[in-house]
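Chemist: On the provided structure of chain U, position chain P as indicated by the hints.
Taken in sequence, the protein lines are chains U and P.
Position one of the first sequence corresponds to residue 10 (the numbering used here), numbered consecutively onward.
Position one of the second sequence corresponds to residue 25 (the numbering used here), numbered consecutively onward.
No lab work stands behind these hints: they were computed from the structure.
Where a beta carbon is used, it is the ideal one built from N, C-alpha and C, also for glycine.
Treat the hints with care, since some could be wrong.
Some, not all, of what chain U presents toward chain P, calculated at C-beta under 8 Å [said to hold, decoys possible]:
| id | residue |
| --- | --- |
| 1 | E186 |
| 2 | Q458 |
| 3 | C459 |
| 4 | T460 |
| 5 | I461 |
| 6 | N464 |
| 7 | V494 |
| 8 | E512 |
| 9 | V513 |
| 10 | C514 |
| 11 | P515 |
Listed next, the in silico DSS-like pairs over lysine-lysine satisfying Cα-Cα at most 30 Å (straight line) [said to hold, decoys possible]:
| id | chain 1 | residue 1 | chain 2 | residue 2 |
| --- | --- | --- | --- | --- |
| 12 | U | K517 | P | K185 |
| 13 | P | K60 | P | K300 |
| 14 | P | K300 | U | K70 |
| 15 | U | K517 | P | K312 |
| 16 | P | K372 | P | K103 |
| 17 | P | K296 | U | K517 |
| 18 | P | K296 | U | K73 |
| 19 | P | K312 | U | K70 |
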Amino acid sequence: MFEALLYVSIFICLIGLVFQIWRFKRTSSFLKHPKASRLRSELMTIIPGFLNTLVQVRLFKAGKIRWLIHFGLFVGFLYLLLVHGLHDLTSDLFFDYYEPTIDPYQFLRNLNGVFVGLGCIAFLLRRRLKIRINKDTPLKYKGYFSIILILLVISSGFLLEASKIISEPVFMDMVEEYSDVDEESGLADLKLYWNHNFKVYFPQLPEVTSSSLENGSFLNEEYCLSCHSDTKSAFLSFQAAKLIYYAGDFLNRHRADSFLYAIHYILCLCLLACLPFSRLFHIILIPVAGLVKKQDSVLHGQKKAVVSAAGLYACTNCGYCSEVCSVYPHFQTTGNLFVLPHSKIESVKGLIGGDAGINPWLLQKGNEICTGCYNCTDICPSGIDLQTLWSVLGDTLCEEGYLSNSNVVNTIPLLEWAAKAPVSLKRKEKKPVSSGLADQSDAFEACVQCTICTNVCPVVEYDSVKNDYTPQQVMNLLRLGQRHVAEGTRMVHTCLTCYSCQEVCPQKIPVTDILLELRNSGYKKVETMKKDYLKGMRQIET
Amino acid sequence: MMMNSHNNHMDCDLLVIGSGFAGMAAAARASGLGLKTVQTGSSSGFYLASGLLDFLGVYPVDPVTRLKNPEDGMALLKKEITNHPYAKVSENKIVEAFHFVYQFLYDGGLDYAFKLNQNFQVLTAAGTFKPSFLVPRSMAKSNELFTDQKQVLLVDFEGLKGYSALQIAGNLKKMGHQVDTVTIKVPELTGDFNVTRLAAKFEDPSFLDYVAEQVQMFAPTKTMMGLPAVCGIHNTSSILKQLESITGMDCFEIPGLPPSIPGLRLKNTFEKQLSKRNITVLNNATVKHNTIQKNRLILDAVCQNFKIRVKARGVILATGRFPGGGLRAERGLIQETVFNIPVDQPDKRNLWYDANLFQAKGHGINQAGILTDNIFRPLNRNNIPLFENLYAAGSILSHNDWARLKSGAGVSIVSALTAVDHFNSGSGGDDV
Numbered sequence: 010m011f012e013a014l015l016y017v018s019i020f021i022c023l024i025g026l027v028f029q030i031w032r033f034k035r036t037s038s039f040l041k042h043p044k045a046s047r048l049r050s051e052l053m054t055i056i057p058g059f060l061n062t063l064v065q066v067r068l069f070k071a072g073k074i075r076w077l078i079h080f081g082l083f084v085g086f087l088y089l090l091l092v093h094g095l096h097d098l099t100s101d102l103f104f105d106y107y108e109p110t111i112d113p114y115q116f117l118r119n120l121n122g123v124f125v126g127l128g129c130i131a132f133l134l135r136r137r138l139k140i141r142i143n144k145d146t147p148l149k150y151k152g153y154f155s156i157i158l159i160l161l162v163i164s165s166g167f168l169l170e171a172s173k174i175i176s177e178p179v180f181m182d183m184v185e186e187y188s189d190v191d192e193e194s195g196l197a198d199l200k201l202y203w204n205h206n207f208k209v210y211f212p213q214l215p216e217v218t219s220s221s222l223e224n225g226s227f228l229n230e231e232y233c234l235s236c237h238s239d240t241k242s243a244f245l246s247f248q249a250a251k252l253i254y255y256a257g258d259f260l261n262r263h264r265a266d267s268f269l270y271a272i273h274y275i276l277c278l279c280l281l282a283c284l285p286f287s288r289l290f291h292i293i294l295i296p297v298a299g300l301v302k303k304q305d306s307v308l309h310g311q312k313k314a315v316v317s318a319a320g321l322y323a324c325t326n327c328g329y330c331s332e333v334c335s336v337y338p339h340f341q342t343t344g345n346l347f348v349l350p351h352s353k354i355e356s357v358k359g360l361i362g363g364d365a366g367i368n369p370w371l372l373q374k375g376n377e378i379c380t381g382c383y384n385c386t387d388i389c390p391s392g393i394d395l396q397t398l399w400s401v402l403g404d405t406l407c408e409e410g411y412l413s414n415s416n417v418v419n420t421i422p423l424l425e426w427a428a429k430a431p432v433s434l435k436r437k438e439k440k441p442v443s444s445g446l447a448d449q450s451d452a453f454e455a456c457v458q459c460t461i462c463t464n465v466c467p468v469v470e471y472d473s474v475k476n477d478y479t480p481q482q483v484m485n486l487l488r489l490g491q492r493h494v495a496e497g498t499r500m501v502h503t504c505l506t507c508y509s510c511q512e513v514c515p516q517k518i519p520v521t522d523i524l525l526e527l528r529n530s531g532y533k534k535v536e537t538m539k540k541d542y543l544k545g546m547r548q549i550e551t
Numbered sequence: 025m026m027m028n029s030h031n032n033h034m035d036c037d038l039l040v041i042g043s044g045f046a047g048m049a050a051a052a053r054a055s056g057l058g059l060k061t062v063q064t065g066s067s068s069g070f071y072l073a074s075g076l077l078d079f080l081g082v083y084p085v086d087p088v089t090r091l092k093n094p095e096d097g098m099a100l101l102k103k104e105i106t107n108h109p110y111a112k113v114s115e116n117k118i119v120e121a122f123h124f125v126y127q128f129l130y131d132g133g134l135d136y137a138f139k140l141n142q143n144f145q146v147l148t149a150a151g152t153f154k155p156s157f158l159v160p161r162s163m164a165k166s167n168e169l170f171t172d173q174k175q176v177l178l179v180d181f182e183g184l185k186g187y188s189a190l191q192i193a194g195n196l197k198k199m200g201h202q203v204d205t206v207t208i209k210v211p212e213l214t215g216d217f218n219v220t221r222l223a224a225k226f227e228d229p230s231f232l233d234y235v236a237e238q239v240q241m242f243a244p245t246k247t248m249m250g251l252p253a254v255c256g257i258h259n260t261s262s263i264l265k266q267l268e269s270i271t272g273m274d275c276f277e278i279p280g281l282p283p284s285i286p287g288l289r290l291k292n293t294f295e296k297q298l299s300k301r302n303i304t305v306l307n308n309a310t311v312k313h314n315t316i317q318k319n320r321l322i323l324d325a326v327c328q329n330f331k332i333r334v335k336a337r338g339v340i341l342a343t344g345r346f347p348g349g350g351l352r353a354e355r356g357l358i359q360e361t362v363f364n365i366p367v368d369q370p371d372k373r374n375l376w377y378d379a380n381l382f383q384a385k386g387h388g389i390n391q392a393g394i395l396t397d398n399i400f401r402p403l404n405r406n407n408i409p410l411f412e413n414l415y416a417a418g419s420i421l422s423h424n425d426w427a428r429l430k431s432g433a434g435v436s437i438v439s440a441l442t443a444v445d446h447f448n449s450g451s452g453g454d455d456v
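So here's chain U without its partners, still in its complex pose (with noise of 0.2 Å):
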């Protein structure tokens, strides 16, 4: 019956590939933008891919106490899925004799149990406590059911291997196939050495006497020791061991071992099945994706990460993204969790699927927020371009209709905008519109127009949409007393406050805040925009 499971999830696990290969073309479509365009696998990428899936470089980039719980489930569960799973086949691939109850495989097998158990527990735990991320947000981070289906899988073998230690019928069909001792010969002795040293539970003992261990212990050597390691060496079986040994009667009437071991094997095999529906699929998919690097050679001319398919699924929901977002306090201000990567790349696979629960309205306004610092494809364990995937997604959603402010800001003549000029132009009010750094001339009138800020900035070199204003003409625009006008430049709202021009600007101008400011008093002019521009798109559509 077993083997007819093997088979079944074996099945499912192929139909899983193909149904995972079905979405990457479905998935392909969407990234076949200009900008994710340019996929080509290269040789010299082969060798720091195979770094990355065998010791995880980029994780250990990420932070070294992570690598190392990581990295101890990853050798630990290799260990145990090819020697221990897998032993029929590989056991004389690896070693001259080996027999999983010996020394030291015994211990081993415990060991990276352990490791394995550890891992899991530790990634649960990061992942409910949140750490280093405010604990009082309603994140949510997925991933969990894969963790907790190994954490079954081990606990579950610990369990088994603990059963089989004190299992007097295992311990009997052992004695009748591997020896001739019987009751005259010192069965009992055998017995009460298993009993006194290895925990095997035995409903009726006789009394232990010196005579009788020796005997006991000799016949141990006899027969089974060359199979047979003290269970002391699987230490955490041997005390699981300890602890149900006052149940053992019961345990040992009902076989709890076969039953364990039916657990344990349907498990590993729901694992395996699940394999490519879960985000288990990463240790396929960034080996993968480490292969199909982009060059971007136009932007940068660095070799940058990838956005493909196997990348996008290769994510792991970690949520490492969403602790270095330096747009993190926008997110603890509006509450709105497409601002944080871990959050958005869900929305994207949500988008690709067609899930109806997203807003893209929201993911836009989420997704404009982002500097494009680079942090989030920085830190990418699994070595995803996020930073890509982002731009890409902004002008995806903004081809579908869902402007983005500054795709607002493009389309508008500044002239236009001048004409909105806000009510308090109008010298009604008596007080000042806001005090912040665009009103005092303090803050801009020393710029002597040197140009050095638009020399620096990024924005102005890449000018993407042809940009009206630099920096220093922004400056200028606020000397000459035009701050409505400067709200409505594309200057100002494409800025990547990335504050170069602040850094270096030799007349100590906060340039980079006053821009900022002036994009967030231009904001609410620029929603009403967009609510017109709707107005006027749904006009044409009836």
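Modeler: Coordinates of chain P only, in the frame set by chain U:
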């Protein structure tokens, strides 16, 4: 570096206030001596620097003197201006300081050139020659134009502001050179592009081929080719070599108006080298003196989003003059901004400037600055050093009219290095 994030304080050996030329030189020297160094300030001033590092270009100050050898003016300078920073140090020390900077920049991949006892005469964007001591290798070749008559091609780029090959050609023709100019249209750059974009283009080998193609017709008759100083941001030497090998002409750069790419190269190189040597930089921090505790100077560094108390055994004050923020002109008085050190200045405000703006000798305010002892420690009104380990370096020093004497870099480097060396030699014993 001891840094306690809870109390926000840092402990260091040396605090360098300022990231101009003097500040960078001080930090470079200190990092080489293994001192724990913190540096504050903004290095944006380098965008205004031509990239030429002067020793002494003009002395005595008159319309005709252009020193072929900086040493020629030194004796007279030391005799006439006894308070000049150069009067406090030996010529050897100055040359050694230049050599230190040369080596430091060379290690950072920026190639400069200097010859002992000689100023290079460097062709500028105004078509004039400026005497300078330590000059970018890419500009050194224009020295030949000063002495010999050459066949020169001057390259201009369409849309490049503050640079006119025609104007330079006019001046060169007067000197008897055979000059031609060519204006190259830069693909993809239209209107008023910025200089860094043009400079970045030079890093692309195909652009070099394009430039070579545009000047090809002049190659048979011209031996030298002058370009504005925009030939690459990072690999200028190899870019020029490549251009020379394609065109067969000797190529040189001509420094011009800010934003200056040679200045940017200096800034990049200093920052790269210093960060390699573990200098802690509090970028854009404004520093205020707080108090003194057990031989330690305590200062508050205030940035936009943090405030740090810095405890330093020694401080190099390299805040510059008015543009750098080291000096501030109040209504009737010039003040020093960090320690409120007494500033040596004209008695009355109406003596700050001479009635004649183009007065060759300069104005009273040009001599204002901080008086120091021979190891550049600022003096109080009784001519006693203010603090044991407080030094001043660079343009803030008094009687140092660097712009007129063409001695800015030299004064900055030698005062910074003298101060750091003195601090280092005396720092063994007084550690509390």
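Chemist: The structure should be examined with respect to each hint, and the outcome stated for every one.
Modeler: Consistency of the hints with the structure:
1. This hint is violated: E186/U has a C-beta 66 Å from the nearest C-beta of chain P, more than the 8 Å allowed.
2. A least Cβ separation of about 11 Å between Q458/U and chain P goes past the 8 Å threshold, and the interface hint is therefore violated.
3. This hint holds: C459/U has a C-beta 6 Å from the nearest C-beta of chain P, less than the 8 Å allowed.
4. A cut of 8 Å between beta carbons decides the hint on T460/U: the least distance to chain P is about 6 Å, and the hint holds.
5. Among the interface hints, the one on I461/U holds; its C-beta lies about 5 Å from the nearest C-beta in chain P, closer than the 8 Å criterion.
6. Residue-level restraint check for N464/U holds (minimum Cβ-Cβ distance to chain P is 5 Å; threshold 8 Å).
7. With its C-beta approaching chain P no nearer than about 20 Å, V494/U sits outside the 8 Å limit, and its interface hint is violated.
8. Among the interface hints, the one on E512/U holds; its C-beta lies about 6 Å from the nearest C-beta in chain P, closer than the 8 Å criterion.
9. For V513/U, the shortest C-beta to C-beta distance to chain P is roughly 4 Å, which falls under 8 Å, so the interface hint holds.
10. The closest approach between the C-beta of C514/U and any C-beta of chain P is roughly 6 Å, which is under the 8 Å cut-off, so the hint is satisfied.
11. Below 8 Å, beta-carbon pairs count as interface contacts, and P515/U has one with chain P at about 5 Å; its hint therefore holds.
12. A threshold of 30 Å between alpha carbons decides the hint, and for K517/U with K185/P the separation of about 24 Å falls inside it, so the pair holds.
13. At most 30 Å may separate the alpha-carbon atoms for a hinted pair to count; K60/P and K300/P meet this at roughly 13 Å.
14. Proximity of K300/P to K70/U is assessed by CA-CA distance (about 19 Å); at most 30 Å being required, the pair is judged to hold.
15. As the CA atoms of K517/U and K312/P are separated by approximately 17 Å, the hinted pair is consistent with the 30 Å bound.
16. Of the pairs offered as hints, the one joining K372/P and K103/P holds, with about 27 Å between alpha carbons and a cut-off of 30 Å not exceeded.
17. Our distance criterion of 30 Å between C-alpha atoms is met by K296/P and K517/U, whose separation comes to about 23 Å.
18. Our distance criterion of 30 Å between C-alpha atoms is met by K296/P and K73/U, whose separation comes to about 26 Å.
19. Simply put, K312/P and K70/U have alpha-carbon atoms about 38 Å apart, too far for the 30 Å limit, and the pair is violated.
The earlier numbered hints that this structure contradicts are 1, 2, 7, 19.
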